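Peer 1: With the hints as a guide, bring both chains together as one complex.
Chain order of the listed sequences is Y and S. If you read the first sequence in my numbering, its first letter stands for residue 131, the second for the next number, and so on. If you read the second sequence in my numbering, its first letter stands for residue 104, the second for the next number, and so on.
Calculated directly from the structure, the hints in this document are not laboratory data. These numbers were taken from a predicted model, which means no experiment stands behind them. Beta carbons are placed, not taken as given, at the ideal position from N, Cα and C, and that holds for glycine. Careful, some of the hints might be misleading.
Said to hold, decoys possible - Which residues of chain Y face chain S? A few of them, derived with a C-beta cut under 7 Å, are:
hint	residue
1	Arg161
2	Leu163
3	His165
4	Met166
5	Asn202
6	Arg204
7	Asp237
8	Arg238
9	Ala241
10	Leu242
11	Pro243
12	Arg408
13	Ala411
Claimed, not checked - With a straight-line Cα cutoff of 30 Å, these simulated DSSO-like cross-link-like pairs (lysine-lysine) come out:
hint	chain 1	residue 1	chain 2	residue 2
14	Y	Lys167	S	Lys412
15	Y	Lys232	S	Lys354
16	Y	Lys232	Y	Lys167
17	S	Lys412	S	Lys354
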Amino acid sequence: MTLTISDDTIAHTGPAPARGMLHDTWVIARRGLVHMKRQPEALADATIQPIMFVLLFAYVFGGAISVPAGGNYREFLMGGIFAQTIVFTAFGVAMSLANDRKNQAVDRFRALPIARGAVLGGHAVANLLKALLPIILMSMCGLAIGWRIRDGLVNAALGYLLLIAFAFAMIWVGVLLGSLVSTPEAVQGIGFAVIFPITFMASTFVPTETMPGFLKTIAEWNPVTTLSNAARELFGNPSTVAGPDAPWSIANPVAYSVIWIVVIIAVCAPLAVRAYQRSVAK
Amino acid sequence: MTDEKDTGPTSNVCETLQHKPQREELMSTNYAVEARGLVKRYGSTTALAGVDLEVPTGTVTAVLGPNGAGKTTAVRILTTLTEPDEGQAIVAGFDVRTHGHEVRRRIGLAAQDATVDPLLTGRENLIMLGELYQYGKAQSAARADELLEAFSLTEAAGRRTSGYSGGMRRRLDLAATLVGRPEVLFLDEPTTGLDPRGRSELWNVIDTLVGTGTTVVLTTQYLEEAERLADDIIVIDQGRIIARGDARKLKREVGGDQVQVIVVEPGHVPEAARIIAAVTGVEPQVDAGARSVTAPTSLGVETLVLVAKEFTVARIAVDDMSLRQPTLDEVFLTLTGSTADTEFPATPSTNQSPNQSTQSPNVFAEEAQS
Chain Y
131 MTLTISDDTI AHTGPAPARG MLHDTWVIAR RGLVHMKRQP EALADATIQP
181 IMFVLLFAYV FGGAISVPAG GNYREFLMGG IFAQTIVFTA FGVAMSLAND
231 RKNQAVDRFR ALPIARGAVL GGHAVANLLK ALLPIILMSM CGLAIGWRIR
281 DGLVNAALGY LLLIAFAFAM IWVGVLLGSL VSTPEAVQGI GFAVIFPITF
331 MASTFVPTET MPGFLKTIAE WNPVTTLSNA ARELFGNPST VAGPDAPWSI
381 ANPVAYSVIW IVVIIAVCAP LAVRAYQRSV AK
Chain S
104 MTDEKDTGPT SNVCETLQHK PQREELMSTN YAVEARGLVK RYGSTTALAG
154 VDLEVPTGTV TAVLGPNGAG KTTAVRILTT LTEPDEGQAI VAGFDVRTHG
204 HEVRRRIGLA AQDATVDPLL TGRENLIMLG ELYQYGKAQS AARADELLEA
254 FSLTEAAGRR TSGYSGGMRR RLDLAATLVG RPEVLFLDEP TTGLDPRGRS
304 ELWNVIDTLV GTGTTVVLTT QYLEEAERLA DDIIVIDQGR IIARGDARKL
354 KREVGGDQVQ VIVVEPGHVP EAARIIAAVT GVEPQVDAGA RSVTAPTSLG
404 VETLVLVAKE FTVARIAVDD MSLRQPTLDE VFLTLTGSTA DTEFPATPST
454 NQSPNQSTQS PNVFAEEAQS
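Here chain S stands alone, though its shape is the one from the complex (with noise of 0.2 Å):
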């Protein structure tokens, strides 16, 4: 983050929103997106498998996979950027193959990496798709100033985007999605490569426009963000779906606590992983080099209690313990007998700052205390 000054809490709101009504007309139990049997192929590489997705209007889905799961390639799809090569998708009432203009008209994607004009400034970037949307020039600017105003991007309006800062771009980026007043917004991977405090000022940012009624898909690595967000968690692998509910469903099928211990002493990893074996009766994951280690238990927060009591017996000094839910690449695990080939370690924390991975490592260890 190079210049966020106008960066700061962000929890007033949603309670603002809350208090607003809903829109009926928009809660009604169709879907804004339906697709059946998506294939897409390149070359010899199957991307999509088959995908059926059904997303009701006026709540969030989450795609959640690896990369190369084909997250990306199932957006492009139902944005009418790639022709399925079976299937059909409709989108906000339309197909996407045979209507793809009606299709753009009441979408908004945020691809993968922010695609702001890095030459335009903030403003005339939302300008320039304003007068695309064809608003006429008067209106486009009012709408870019509206919408600048609503991400706190007022003060850098005036700048060249290739000054911002990630977290800048992503919420001007976010911005420029919504210029067309959306029926349904694409968010691919929309929190890769921000920092934690730009995930969350994010994660606010996605709530809110939830709030007021707009359907979202969004694709992501991170189980924790899709429990954050979304209403529907699709678990994609290799362009399959491979799981779909909500994340209190996954978790039960994925199977469970993971107790993780990292030690103090590298030379009391064996001995710490010998009594964490005694105690889950389980095999642990040991990565030595992060001192870690690491079993699944059905045992609870009894499952601390027991492995607490044994290494003050053998007196192993600990930096961490903690009940937490399964990562991805543990929920790739259990539900395809191989991990997650992921470039990115599976809990945004770790993969902002390693430096903070020997306090709680997620939020789900909070869990452990109650």
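Here chain Y stands alone, though its shape is the one from the complex (with noise of 0.2 Å):
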């Protein structure tokens, strides 16, 4: 080794004044851009397993299972899967930030003179933008087994934007979820045993309608219901029929996600920065 590290190297110029928060937030949401493209199993929850599902049931399950409001089941099955992996947004958040505190990523930018937030807003960017990716291939996987959008472009913009609003909702509780858990592990130990069965406890592969009475009222307020309704509803699919006695969680699906995104955001966002501070300050 031959080490040549002259006066220049080193030259104490100072760096140039900050360009600010948008700029530092890019350059972290790039490289953790980078790191799901060189870990393709931590893409797996976004890619293989939603397509996985949406095969699954509709081939597998799909037979076996009627919706009671009549309609196809596998066009009734895309909205529960959409939010489903809307939901396990979260899951991909929480282990980003245990392993940069893994590998004591977190350090090196706090020592950094970046913008305050700006590793938290680019672990948010990297995944919202993640989050598109299942979208789009579940709903190119979805045309493949005849799913169709039904209710014109503008609702099913709509739709997209609330599951992406939704999305962005996730991330805060990621970010919760990864600042309270030590080490990636844990986080996966959580994600399967807690976010896992609420996807299931809802609408998302079967109607709530034929569901028992207490696990039914359980089911007509969990968000990933109302969020697989609303996406049915908008994408013009076949979905749960309100009927009079329905509570109002299942008669206005779209105005209850909305609800559910802005309560997570207003209560899991403070709550996730301030979780995440005490995390790394130590």
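Peer 2: This is the structure in structure tokens:
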């Protein structure tokens, strides 16, 4: 090894003034995207998994499940898997934060003269972009097995927008989870023990109408149900028909989903930022 | 070391640098780091119990202490990563509490474990940091290439750092701390976990940095390393500074040499201990497993002559006999009355390659011949 560090290499000219939050956030987001590209196994929850669910439920379980309101089960299914995949966004964020802490990348960034919040912002942007991937892949897969947008492009656009907004809300859940839990393995454990069942106790794969009383009530108020139903409604697909005695959440899935988005962001974002700061400032 | 074809002797570096003029403006009498009464508690544990620190600009200060002494906490406070509960710290002219951003613009930090991004290549790592230092794309790339070249990483620049050897990762980590052209460098245990060759390579790198006028604060568990690199040594234990000064002063305080003998036959250990006790007048420390007998001595090289004579008479075969400087453990024994709570053996060479310990276990042994 021949070291040729010169005065020039270390010249103390001092760095240029900060160009601000957006630039720093984007640099860190780009790093997050490179990470995803180079860790295909970490991308599985956004690529293989949703497509696998679509195919499994469409072909293996689908034949045995009927939609009470009538209509094609495959079209019913798509809204549910869209919703489930979006909820899993939290997972990816939590994993990237836990990995950062494990690799001490957090400290490296915090010792740099970068905008406050750029690290968290970078993770959020990268994971929001990552959430677009399964939406696109699943839409293509859905089209291939007979799913169609049947209520006009405007409503469909609103449907996609609602999913992305929910993904943004779930990012803060992920930040909270990733800050409270110390290792990537623990994130994985909690994801499977908590988030996974929540996405099943809903109208994700089966209509809520056939569930037993207590579970039905939980499912009806579960935001995963309403997000699924809202997507179905906006894409013009078969969904749960809200009877006269249906709870408000079932009768107004879009509005109820929007309320959840607002509530999750309002509650989780401040908690998450605080938990994150506490987790890194040891 | 899995992939170290780009390593070799480094001695020529310092020579070339010594001819370059020192940067006068950096050699002023100002302090690059000045801290008063730093206290940091974690729950019921006190990590720092009132630490004062002055590091003159352009010098190297080593913070020496065992695991858990508070070294890393001190570095974290000085690099704005954590806030002190009490006290004040000025780094590169700015208060870490009130002007953290200004401090961060002027420092570089190499944390205890090399924190390079494993999924990015060496070059990508440096470019990303350059962009975060607001250099712009082209300038960041140029800076990255310049540093990769300087740290002999050009060949490995395009590979992900997860495949780097420990030494390469450390070098990249050091290169990363220089991206922003820092005035003050903080190196937290820069050689922990490196093998002896990696360690001496890194020492040369640090020498080079110092030669260019950068102020360096480094932490270490090794007295040998502190003596090798630092102008000033601060010994810290349980959150308090227990001694400070240059290596010579510290060693004087600690009280001179240790004679150590390693015998060939385990059965000879008690007899060896008896002889050494008789020569030094002190009850020696015996490590039966290592067949080693150690005792402090004030007789200098004379000790070796006397011990050798007695051993010849008693027909005790010796693997190694040396007069050496105290280890960190012994420094602590003297300064605090209790041994340092180190996870690692106190001398780096025994840490990395136990099979070498029967040869001269450290550099100070050479002094026995003088």
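Peer 1: Next step is simple, just say for each hint if it's right about the structure.
Peer 2: Results of checking the hints against the structure:
1. Arg161: holds, 6 Å
2. Leu163: It is violated, given that the least Cβ distance between Y:Leu163 and chain S is near 11 Å, above 7 Å.
3. His165: holds, 5 Å
4. Met166: Because about 9 Å separates Y:Met166 from the closest Cβ in chain S, which is outside the 7 Å limit, the hint is violated.
5. Asn202: Result: violated, 42 Å to nearest chain S Cβ.
6. Arg204: violated, 38 Å
7. Asp237: Holds: closest Cβ of chain S sits about 5 Å from Y:Asp237, inside 7 Å.
8. Arg238: Y:Arg238 check passes; min Cβ-Cβ to chain S is 4 Å, inside 7 Å.
9. Ala241: It holds, given that the least Cβ distance between Y:Ala241 and chain S is near 4 Å, below 7 Å.
10. Leu242: holds, 5 Å
11. Pro243: It holds, given that the least Cβ distance between Y:Pro243 and chain S is near 4 Å, below 7 Å.
12. Arg408: violated, 11 Å
13. Ala411: This interface hint holds because 6 Å falls under the 7 Å limit.
14. Y:Lys167 / S:Lys412: violated, 70 Å
15. Y:Lys232 / S:Lys354: Between Y:Lys232 and S:Lys354 the Cα gap is close to 39 Å, so the pair fails against 30 Å, i.e. violated.
16. Y:Lys232 / Y:Lys167: Holds. Y:Lys232 to Y:Lys167 sits at ~20 Å (cutoff 30 Å).
17. S:Lys412 / S:Lys354: holds, 28 Å
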